[in-house]
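Heads up: the sequence lines are chains H and F, in that order. Residue 1 is where the first sequence starts when you use the numbering used here, and the numbers rise one by one after that. Residue 1 is where the second sequence starts when you use the numbering used here, and the numbers rise one by one after that.
Careful: at least some of the hints might be erroneous.
On the chain H side, residues computed to face chain F include the following (Cβ under 10 angstroms) [claimed, not checked]:
1. Ser7
2. Pro8
3. Leu13
4. Gly16
5. Ser20
6. Ala53
7. Pro98
8. Leu99
9. Phe101
10. Gly104
Just so you know, the hints here were simulated from the structure itself, not pulled from any lab data. Glycine residues also receive a C-beta, built at the ideal position from the N, C-alpha and C atoms.
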Amino acid sequence: EDQVTQSPEALRLQEGESSSLNCSYTVSGLRGLFWYRQDPGKGPEFLFTLYSAGEEKEKERLKATLTKKESFLHITAPKPEDSATYLCAVSPRAGNTPLVFGKGTRLSVIA
Amino acid sequence: DTEVTQTPKHLVMGMTNKKSLKCEQHMGHRAMYWYKQKAKKPPELMFVYSYEKLSINESVPSRFSPECPNSSLLNLHLHALQPEDSALYLCASSQDWGLAAYNEQFFGPGTRLTVL
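Sequences and hints are given; from them, build the entire structure.
The structure is reproduced here in structure tokens:
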């Protein structure tokens with residue numbers, strides 16, 4: 001069964017304290033892995049797509065990396081405005097298969 | 001422009017009411033989706049439309065009725081809902097569905113639905 005596990009469930013950082021969020025996946029072939037940011041009561045905002053192991057993508061203070069079993073979202077020198085829930089989702093290779101979402105990591109950055 | 005719009009932003013309805021949620025995208029995407037999201041949970045897929053045809057219905061109760069009038073619009077008709085149907089309803093779109101492309105889904109802001 002296709003599965004996505006995100007850790008930690010919640011993370012509290014001081015402003016400027018860099019850290020990483022983890023997304024582990026087991027799927028029957030990977031077409032793509034997606035990171036989203038979601039603020040409370042709003043729709044997920046697309047951040048990155050990663051296609052193959054070794055790929056990296058960056059946007060401002062965020063950097064996403066991918067291996068054959070997991071992805072990391074590195075946050076460098078976070079600011080309070082980075083506080084949100086970060087969702088990871090995978091698109092399995094098999095047929096018309098919906099995205100499989102992780103449960104998310106709730107990030108709080110304290111000034 | 002990667003914008004998906006949804007109306008209304010908030011909706012309160014009784015269990016005997018009939019209402020509709022609307023979604024629009026102008027990115028030329030051929031796939032559109034409805035998701036339901038409960039607090040502190042990930043989005044849960046309800047329906048997928050591809051080229052204006054229903055491709056997936058994730059065993060959603062018939063009190064939810066989707067409609068895709070054209071490639072830019074997606075509606076969700078609601079009738080005789082239950083209080084447990086209260087949630088954030090999200091619309092999303094992507095370039096394609098079920099093809100080889102690695103299709104990012106772009107989400108709208110959601111409709112916060114409360115069923116009394």
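**Request:** Identify whether the interface hint at Ser20 of chain H stands, where standing means a beta carbon of chain F within less than 10 angstroms of its own.
**Result:** Ser20 of chain H check fails; min Cβ-Cβ to chain F is 20 angstroms, beyond 10 angstroms.
**Item:** Hinted contact Ala53 of chain H with chain F - closest CB pair below 10 angstroms
**Value:** 14 angstroms, violated
**Asked** Taking 10 angstroms as the limit, does the beta-carbon of Gly16 of chain H come near enough to a beta-carbon in chain F?
**Response** 27 angstroms, violated
**Item:** Status of the Pro98 of chain H interface restraint (C-beta, 10 angstroms, chain F)
**Value:** 5 angstroms, holds
**Prompt:** Was the hint right that Pro8 of chain H lines chain F, CB cutoff 10 angstroms?
**Reply:** With Cβ-Cβ at 14 angstroms, over 10 angstroms, it is violated.
**Request:** Answer holds if the nearest beta-carbon of chain F is closer than 10 angstroms to that of Ser7 of chain H; otherwise answer violated.
**Result:** Ser7 of chain H check fails; min Cβ-Cβ to chain F is 14 angstroms, beyond 10 angstroms.
**Asked** Does the interface hint hold: is Leu99 of chain H within less than 10 angstroms of chain F, judged Cβ to Cβ?
**Response** 7 angstroms, holds
**Message:** Hint Gly104 of chain H vs chain F: min CB-CB distance below 10 angstroms?
**Reply:** 6 angstroms, holds
**Interface hint status, Phe101 of chain H versus chain F (Cβ within 10 angstroms)** = 4 angstroms, holds
**Message:** Can you verify the interface hint for Leu13 of chain H: is its Cβ closer than 10 angstroms to any Cβ in chain F?
**Reply:** This interface hint is violated because 19 angstroms lies over the 10 angstroms limit.
In the structure shown, a violation is registered for the earlier hints numbered 1, 2, 3, 4, 5, 6, in ascending order.
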